[in-house]
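Residue numbers (this note's numbering), protein chains in the order written: chain H, -16 to 217; chain A, 5 to 97.
One should not assume that every hint holds.
[What the hints assert, rightly or not] With a straight-line cut-off of 20 Å between C-alpha atoms, the simulated DMTMM-like cross-links for lysine to aspartate or glutamate are: (1) Lys61(A) <-> Asp104(H); (2) Lys192(H) <-> Glu87(A); (3) Lys184(H) <-> Glu(-3)(H); (4) Lys18(A) <-> Glu29(A); (5) Lys210(H) <-> Glu87(A); (6) Lys44(A) <-> Asp25(A); (7) Lys179(H) <-> Glu149(H); (8) Lys61(A) <-> Asp25(A); (9) Lys(-9)(H) <-> Asp71(H); (10) Lys61(A) <-> Glu149(H); (11) Lys210(H) <-> Asp51(A); (12) Lys50(A) <-> Glu149(H); (13) Lys35(A) <-> Asp25(A); (14) Lys192(H) <-> Glu204(H); (15) Lys35(A) <-> Glu48(A); (16) Lys61(A) <-> Glu76(A); (17) Lys18(A) <-> Glu204(H); (18) Lys35(A) <-> Asp51(A).
The set of hints was computed from the structure by calculation and includes no laboratory data. Predicted model, so just to flag it, every value in this text is computed and none were measured.
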Amino acid sequence: MDRYDRHKGLFGEEAFACIRKSRILVAGVGGLGSTVLQLLARGGIGIIYIYDYACVDLPDLNRQLLYDLSHVGRPKVEAACTVMKAIDPDVCIVPSREKISRETAMPVVDFAIDCLDTFADRFVLDEVFFKRGIPLIHGGVDGFFGQVTTLIPGKTQGFQELFGNEQPSEERNIPRQIFPPAVTAVASVLASEAFKLASGKTGDLLAGKMLTLDFLSNSFEIIHLAKGAYQPQR
Amino acid sequence: MIIRVGLFSLLRLKFGVSSLDIETERSVSMKQLIDLAAAKLGNELKDQLLADGAIRKGTLLLVNGRNALLMEGLDTMIDERNEISFFPPSGGG
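Model the full assembly from the supplied sequences, consistent with the hints where possible.
Here it is as structure tokens:
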């Protein structure tokens, strides 16, 4: 028996080998990122780069499932590595406390996952990944709602093309109210997209589509998106 | 003609509807469409979608899955063939 016996058969040997070799960057290990990281690491992703400059706060514990009271005050990336190593000592996680900027020297990855919490930071992610030809899986959550879409350079719109390029004024310095189950559900969809993208040939991606999740009415809908206009610049 | 507008996320919570049918005799601009929708749902809809006479920052007004900001903004012309979605995206993580 190995630790992947209960799911690797879903993909087949060749596709699961792709998952084992994949290199993924998770931007943010807060609400979305802490669940995404667990699912990716437990599921056999090869190398996971995690970026987050924040420390664990007490109000994070309502939804950030990696952390407990002993982690409050500690950098999230350090706590995340400790927890994941306890689950799987062989897991390869490369932590960074650097805030991702346009000048950040990013590692070579197959794709990145947006688990950030402001549009301003997402615009940067769009520039350092999507506009350089690297796919980006986007997720966002607020209140009882969330959305996920997979952005593929040369095929779909990028983040700024889809969402515009101005930060909503409301998001500055106002702590959000977020329904914890919505966070883990959106994170699960992000991880699902990541496994499918990493495997190379499993199922359909949310590329050119945005899944909207509404936990008040239990309504999950897809908005079909127009094709992307610009081509990646490498 | 009837133009169907899909409302998502916080707009559903505020206005209690998931879509709206707007009846009009001819094609309308996005600004006119919002005015017609506000006549049904109340002026608070304009506060949600617009600020200082422009599309509110961070609010997605999609025309066939493309951000109206990248088209003609509030002057984008719309008819019954267009799929319209008003979507304030969730920004938290």
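Q | Enumerated hints in conflict with the structure, sorted upward | A | 4, 7, 8 and 11
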